[in-house]
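Sequences listed follow chains A and B, in order.
The numbering of the first sequence is UniProt numbering, which starts it at 1 and goes up by one.
The numbering of the second sequence is UniProt numbering, which starts it at 1 and goes up by one.
All the given hints hold, so there is nothing to weed out.
Derived coverage of chain B by chain A (criterion: at least 3 residues anywhere in the stretch with Cβ under 8 Å from a Cβ of chain A; other residues may be distant):
#	segment
1	499-505
2	791-797
3	873-879
Heads up, simulated SDA-like pairs for lysine to any residue below, C-alpha to C-alpha not over 20 Å straight-line:
#	chain 1	residue 1	chain 2	residue 2
4	A	Lys152	B	Arg485
5	A	Lys152	B	Pro483
6	A	Lys152	B	Gly482
Computed far set for chain B versus chain A, every beta-carbon distance over 12 Å:
#	residue
7	Thr97
8	Gln174
9	Glu641
10	Thr835
These aren't lab readings, by the way, just hints derived from the structure by calculation.
Because the structure is a prediction, the values reported are computed rather than measured.
Where is the CB? At the ideal position from N, CA and C, for every residue including glycine.
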Amino acid sequence: MSLRDGAAARADGAPATPADGALVRCVNVARTFGTGPTAVVAVHDVSCTVPSGARVALMGPSGSGKSTLLHLIAGLDAPTGGTIAWPGLGAGPNGRPGPIGVIFQGPSLIPTLDVTENVALPLLFAGIPAQDAAARASAALDRVGIADLGPKLPEELSGGQAQRAAVARVIAGRPRLILADEPTGQLDHETGGHVISVLLTAAEELGAALIVTTHDAQIAARLPHRWTMRDGGLATRGAGPGDDRRP
Amino acid sequence: MIWIWLHGLIHRRTPRMAAAAAGVAVAVALLACLGAFLAASKATMTARAASGMAVDWQVQVTGGTDPSPVLGAVRADPATRQALLVGFAQTTGLTYTGQTTQTTGSGAVLGLPDAYSRAFPGEIRTLTGSGTGVLLAQQTAANLHAGPGDTISVGRAGMAPARVRVDGVVDLPQADSLFQKVGAPPGSQPSAPPDNVLLLPQALWHQLFDPQARTRPDLVTTQIHIRRSHALPSDPAAAYTAITAAARNLEARTAGGAVVGNNLGAALDSARQDAAYAQILFLFLGLPGAVLAGLLTAAIAGAGATRRRREQALLRTRGASVRQVTRLAAVEAAVVGIAGSVVGLAGAALVGRVAFGSARFGATTATAVAWTAGAAVAGLVIAALTVLVPAHRDARATTVSAGRLTVGRTRAPGWSRYGLDFVLLAAAGAVFAVTGRNGYQLVLAPEGQPTISVSYWAFAGPALLWLGTGLLAWRLYDLLLGPGRRLVGAGLRPLAGGLSGTVAAGMARQRRLLARSIVLLALAVAFAASTATFNSTYRRQAEVDAWLTNGADVTVTESPGASVGPDQARRLAAVPGVKSVEPLQHRFAYVGSDLQDLYGVRPGTIRRATALQDAYFTGGTAEQLTHTLAVRPDSILVSAETVKDFQLRPGDLLNLRLQNGRTKQFTTVPFHYVGVVNEFPTAPKDSFFVANASYVAQKTGSATIGAFLVDTGGQHIASVAHRIRTLLGPTATVTDLATTRRVVGSSLTAVDLAGLTRVELTFALLLAAASGGLVLALGLAERRRTFAIATALGASRRQLRGFVSGEAAALAVGGLVAGAVIGALVSQMLVKVLTGVFDPPPSTPTVPWPYLTALGSITVATLAAVAAAAVRLARRPAVQVLREL
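Based on the provided sequences and hints, a complete structural model is requested.
Right, here's the structure in full:
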C-alpha cells in the first residue's frame, strides 16, 4: 500500500490528481478478521478505483463488507491482502492518507464537547490553531444549516441534527474524499433525504468525491454510480439505474 | 430473565463487577479487621491488668473477727491460688540515732510471713541489704539516714518503743494499693501512701504489736493478701464485673467479717477504660476507612451509571417494568455484596492472623459471630446503596429518553444549593469547641461504678470536619472546572498543548463526575494522612513517655543514702559509647507540710543528655525557663497543682525546707517561682520542683547527686548500660531506655496500636491508590468510544495522551492538594480531641513525612500507570473499538 503513489503535490499539501483522476486505487484487497477456523472473511479480492469527483452509492446486504471496505479506503483499517493506494490524496498527519472525511454509522460526536468543539476537533488534531479551527467549525455548521446548534451538546441533538453536525465536521476538514457509512441508517426517510442532500451539496462545493454505503435504494438513486457488494466481494459497479456492470 | 441478565453481567461486565465487589471487600475487611483489633486489644488489656497486680485482693478482717474462718473461706474458693495473713500496725514514729538523731512522724509497720516475697514477688523490691528480715522502705531509710545494720527504735502507742536491727532497704512499687483504706468509699482513699514504712517478719511483728492490739485495737488490723486465678473473661468490662461479683460473694460468705480491697478489680476498672479508648480509636481511625470504602464502591458503581442508564432505557423500551429493572439491579447488588463480603472476611481473617495473631473477629464466640455478621451485613448494605438504590432511583425518576443522556446540564446537587458544606463545617467547629470545654475527656469511668461512659459525641467534630471539608472541596473543584475552565486549560497546556482548551472543556462538561472523583481521592488521602499523623504522634509520645520515665538513654540512679558527688560523671563519661553525662540532684523538700521531690539541674547542660519538650512547661519554653534558672539561680519551677494550692504568682518567694548535708537538719531555703513544670525526666507524675543544682548545693552544703543521665546518642543503649552496670556494681541502679520502652505504660500501651495502625495505614494506602486509579480507569474505560472516535478523526498518540493525562493530572493534583489540606486540618483536630489517648499530651502533631511521601508517590504512580495503559489501549484500531462498543 502506497500513500505517495501519484503526481506532484498540490498547494494545499495533497498531491495533484493523477492523469487518470484516481484518488484511491484498490488492487485485490482483502480483509479477514481472526485466524483459523473462526476467521471471518469480510472483504476479498476487491479491485476498484475511486476517481476524483465520484459519487458512489455502495450497496449490499448487511454483512456484505460495505463498512469494512469503506474503513479500508479511509485508511482506518489495514488490508490483510492486496494493496490500497491513494494516488490523488497523498499522506496526511499520523501516517494516514490525506484529506478524507469519514461519517460513521451511529453517533460519532464526542458527548463531552459541544457541537462547535466537535466540529473543530479534527482541525485541532491537524494542528490548526484553536481560533481558526473554531471559525472554520462555525462556517461548516452554517453551511449545513445548523449554526444555531453550535453551543449544544450532542445528547441535546436529534438524530438528523447529529448527522448534520457529523457532516459539518467532515466539511470543516475540506476533504477531497468523503466516506459516509450508512449516514441515514438511524433516521427516518425524510430526515435521511435531507442529510444526503447536505452531503451532496457539500461534496459539490468542496469538489470532493463521495462514497455512501446504504441499504436504501431511494438514497442510492440520488447518486450517479452504484457499487454492489455481496459476500465480501464487489459484485457490480454501475453508473445509474439499469447500468450495473461487473466490476 | 434474571439468570440471563446475571450470566451477561458476569461474562460481559466482569471487570466492573469485580471492582465493585473489591470495594465492598475492602469495607468488610476493614470492619472485620477492626473487630479482630478490638478483640485482641481487649484480651491483651485484661491479661496485662491481671498480670500487673502484685496482690489481687487485700481482704481486711473486720475488728474483733477471728481471721482463721475468713482465711478458710478464702482458701475454699477454687479461684484462690495464694492466701497469706499480713499484719498492719501503726507506729507513733521511728527513730534512728547515728551521728545525729532522726525521728519520723507516724508510720505503718507490716508483719509479713516468710513466704510473702515468693507468693507476691511484685510487692517488694530489694534495694540494698537483705530481702528478708527487718526492712525499711526507701524513703523512710532516707528520712532516718538509716541503712542495713543500723538499729532503729519503733514507737508504739501507750507502750515503750521497741528496737530492731535493719536488714535491708526496699522499694514498694505498689505502695498505693498496699496501703489503701480497704472498704473506703470512692474518693476517700489517702492521697499518698505513708512516708514511713517498716516491714517485719510475722513472728517479730506479733511479738511487738500483739500487746498493742489488746490495748489499742484500732491501731492494729489483719489482712489476707490473695493471688487469684487469672482465668477471666477476655473483655475487661466482663472481667471487671466477674471479679467484682466474686469479691462481693466473699464478703457475703464471711457474713461481714471481711471487706475486700479489690486491687485486681481496680486494675480491670482501668483496663475497661482502655477498652473504651480502643473503641474510640475504632471509631476515629476505622470507621472513616469503612465509609471511604463504601464511597469508593459507590464511585465504581457510579462510573458505570451512564451505561447502566442506557441499558435500563433499552430494557424499558423493550417493555420491562420498573419493578423488573429494579429486580435485575437487586440481583447485581446481591452478587456484588455477597462476593465482596466473602472475599473481605477471608482477607480480614488473613490480615488478623498476620497483624494481631488471631483470625477471630471477637473475643468471645458471640462477639466473633456478631462482628462477622455485622461486617457482612455492612457489605450487603454498601452494595445495595451503591448499586441497587441508584438503579431503582433512575428507573423510577427518569424517562426512557432521559436515561440515554450521558452528560447533561444538571443542576447543582442539593447539598451545594443549601450550603451543607458550610453547615457541616460550622457544626464541626461547634462540636470541637464543646468538646474542648471539658478538656477533651472522652472516657469517664467513675471510680467503683460498674458503668463507663464514652463521649462518642466528640467523634462528631473530626467526622463533620472530614465531610464538610470534603464537600467544600467538591464545591471549589466544581467551580474551578466549570466557570474556571480557562484557568484549568492554561494549567493543562504543558500536557495537552493546543488541545488544552478542548480538554478543559470536556472536563468542564463532566465536572460533577470528576469533582466527585477528586474529592474521593482527597478524602482517602486525608484519611491516610490523618491516621498516619495520629500514629506517628502516638509513637512519639510513647517515646517521650519512655524518656520521661527513664530520663535519658541510660540512667544511673544512686541508692538512697549514698553520697555520690557530680565527679562521678567523669568516670561514667569514660565508658565507651557514652557521649555525655548529666548529673541530676534528687532531694526531698517540704513546702508547708507537703513533701515533694526536688530536682537540681545544671541549666546550661541539662538538655544535652535529655530531651526537654516545650509541652513540659507552662509560662515559657524549655529553653527560656532553663535560661531563667541559669541567670537567676534562686528561681524554681513548680508543678501546676502546687501553684494552685499555694496561690503562687510568678516572682513569688517560695520557702522550701531542705535537708542540710552537714547537719542533716531541715533548713529553709528561699526560691522564687518563675514557671510551671508539668513533666520532667525521672520525675513522678504528681507534684515536684526543678531548681538550679549549684544553688541547691550551695544552700544545703551538699552536691550529692541522685541520678546521672547518660546520653549514648541513641546507639548501643543496652550494651552501654551493661558496661556501666559492670563498672558500678550493685551500688547504683542502671536502667536503659530500651527496657523502659517495653515496660513503661501509658494508659493505652495495652492497646495493640501498632497492629491497628499497620492495618489502617495499609488500607489507607490501598484506598488512596484505588480511589485514584480505579476511578480513573473506570472513567476512561467508559470513554473508550470517545478515544476511538478521536483516533478515527486523526488524533495522534501524543494528543490522546494529552486528553488522558490532563484528566489524570487534574485528579492527582486536585486530590493530593485537597487531601493534604483536609488531612492537616483533621489531624490537628484528631490529635486535639484524642488528647486523653496520649501520655503526655503532644504540643504539636508529628508529621510522618516518609509515609506521606510514599502515599503521594504511590497515588501519582497509580494514576500515571492507569493513564499510560489507557493511552496504550486507545491505540487499538478505532473501527475495531467502535464495532465492539
